[in-house]
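Sequence order for the protein chains is A and B. Residues in the first sequence are numbered from 540 upward in steps of one, following our numbering. Residues in the second sequence are numbered from 4 upward in steps of one, following our numbering.
Among the hints, a few may not be true.
[Unchecked claim] Computed cross-link-like contacts, DSBU-like style, restricted to lysine-lysine with a CA-CA straight-line distance of at most 35 Å:
#1 A/Lys-559 x B/Lys-106
#2 B/Lys-65 x B/Lys-106
#3 B/Lys-106 x B/Lys-131
#4 B/Lys-65 x B/Lys-131
#5 B/Lys-123 x B/Lys-65
#6 B/Lys-65 x A/Lys-559
#7 B/Lys-131 x A/Lys-592
#8 B/Lys-65 x A/Lys-592
#9 A/Lys-592 x A/Lys-559
#10 A/Lys-559 x B/Lys-131
#11 B/Lys-123 x A/Lys-592
[Said to hold, decoys possible] Every beta carbon over 10 Å from chain B, so not counted as near; a handful from chain A, in silico:
#12 Gln-548
#13 Arg-554
#14 Thr-570
#15 Asp-573
#16 Thr-597
#17 Glu-598
#18 Arg-604
#19 Leu-606
#20 Asp-610
#21 Pro-616
In case anyone wonders, no lab produced these hints; they're calculated from the structure. No experiment lies behind these values; they were computed from the predicted model shown. Even for Gly, the Cβ is constructed at its ideal location relative to N, Cα and C.
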Amino acid sequence: MGARRIRVQYYAVLREQAGKGHEELTTAAATPADLYSELQSRYPFHLGRGQLKVAVNTEFSEWSRPLNEGDVVVFIPPMAGG
Amino acid sequence: MKAGLNAFRFSDRPFATGGLREALADPAAGGFASFEGWVRNHNDGLPVTRLEYEAFEALAIKEGERIIAEARQRFPIIAAACVHRVGSLAIGELAVWVGVSAKHRDEAFQACRYIIDEVKHRVPIWKKEHYVNGDSGWVNCERCAAPHERASHEHPPHER
Chain A
540 MGARRIRVQY
550 YAVLREQAGK
560 GHEELTTAAA
570 TPADLYSELQ
580 SRYPFHLGRG
590 QLKVAVNTEF
600 SEWSRPLNEG
610 DVVVFIPPMA
620 GG
Chain B
4 MKAGLNAFRF
14 SDRPFATGGL
24 REALADPAAG
34 GFASFEGWVR
44 NHNDGLPVTR
54 LEYEAFEALA
64 IKEGERIIAE
74 ARQRFPIIAA
84 ACVHRVGSLA
94 IGELAVWVGV
104 SAKHRDEAFQ
114 ACRYIIDEVK
124 HRVPIWKKEH
134 YVNGDSGWVN
144 CERCAAPHER
154 ASHEHPPHER
């Protein structure tokens, strides 16, 4: 599998744990699930994948969706509006 | 449904509700129901000094608009809107406002309830509480933090 360039945006607890709001990275991760595993090895993310949702290109997504060059990925911690 | 401003919006500063209410007025409306969420000075026994709301606004607005469209399909209402704050809020401040106009009160109440309940669960907004003792925490994110508890709490993302 080739590497692809992905933009990741971080919010709330993940933003604090990553220490940044967004980044562009080159990754061999084929899916958002693979990408989250990769990021968990880099940052102290304590939330498991089962506690998150994921959005790709501003739409909720399956964890197994193939990632494409230029995709924007957002991992969504448990929501707490209202 | 009346046209006009987007039905779901964010505000990064305190907002007045009078104009929002007026925008939902209609000669055919016989009732109006609203809900206001306010910042409370305690949560789960801990005294809270202020809150911060953060949103993934691009997706949040899409999902918020979807929720209001669903409310229109489920209940025979005339108009509905929701405004949510982001940023730093003090105790007592208005955090979220929902308004619905309808011919009759039943559907106004039901649609209002539907919108606020769905917004809380589906719109990517996060709330950080600041406590009197100087600690702070992301609501719904801290207590599920213990790594040994991860496996038992894992579940597939629920589909709607």
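Could you check that no beta carbon of chain B comes within 10 Å of the beta carbon of A/Arg-604?
-> holds (12 Å)
Status of the stated non-contact between A/Thr-597 and chain B (beta carbon gap over 10 Å) = violated (5 Å)
B/Lys-106 and B/Lys-131: Cα distance at most 35 Å?
-> With Cα atoms ~38 Å apart, B/Lys-106 and B/Lys-131 exceed 35 Å; violated.
Against chain B, does A/Thr-570 keep a CB gap of more than 10 Å to every residue?
-> holds (14 Å)
Would you say A/Pro-616 is clear of chain B, with no C-beta pair closer than or equal to 10 Å?
-> violated (5 Å)
Within a Cα-Cα threshold of 35 Å, do B/Lys-65 and A/Lys-559 meet the stated pairing?
-> Given that 35 Å is the threshold and the Cα spacing comes to 24 Å, the pair holds.
Interface-negative label, A/Asp-573 against chain B, beta-carbon threshold 10 Å = Correct as stated: the minimum Cβ-Cβ distance to chain B is 16 Å, above 10 Å.
Measure nothing beyond the straight line between the CA atoms of A/Lys-592 and A/Lys-559; if it is 35 Å or shorter, mark the hint as holding.
-> holds (19 Å)
Hey, is A/Asp-610 genuinely clear of chain B, shortest beta carbon separation above 10 Å?
-> holds (14 Å)
Holds or violated: B/Lys-65 to A/Lys-592, with C-alpha atoms at most 35 Å apart | The given pair, whose Cα atoms are some 16 Å apart, holds under the 35 Å limit.
Quick one: work out the minimum CB distance from A/Glu-598 to chain B and report holds if it exceeds 10 Å, violated otherwise.
-> It is violated; A/Glu-598 is separated from chain B by about 7 Å at its closest Cβ, not greater than 10 Å.
Compare the distance between the alpha carbons of B/Lys-65 and B/Lys-131 with 35 Å, and conclude whether the hinted pair is satisfied.
-> Answer holds: B/Lys-65 to B/Lys-131 is near 23 Å, not above 35 Å.
The structure fails to meet hints 1, 3, 12, 13, 16, 17, 21 from the earlier list, while all remaining hints are met.
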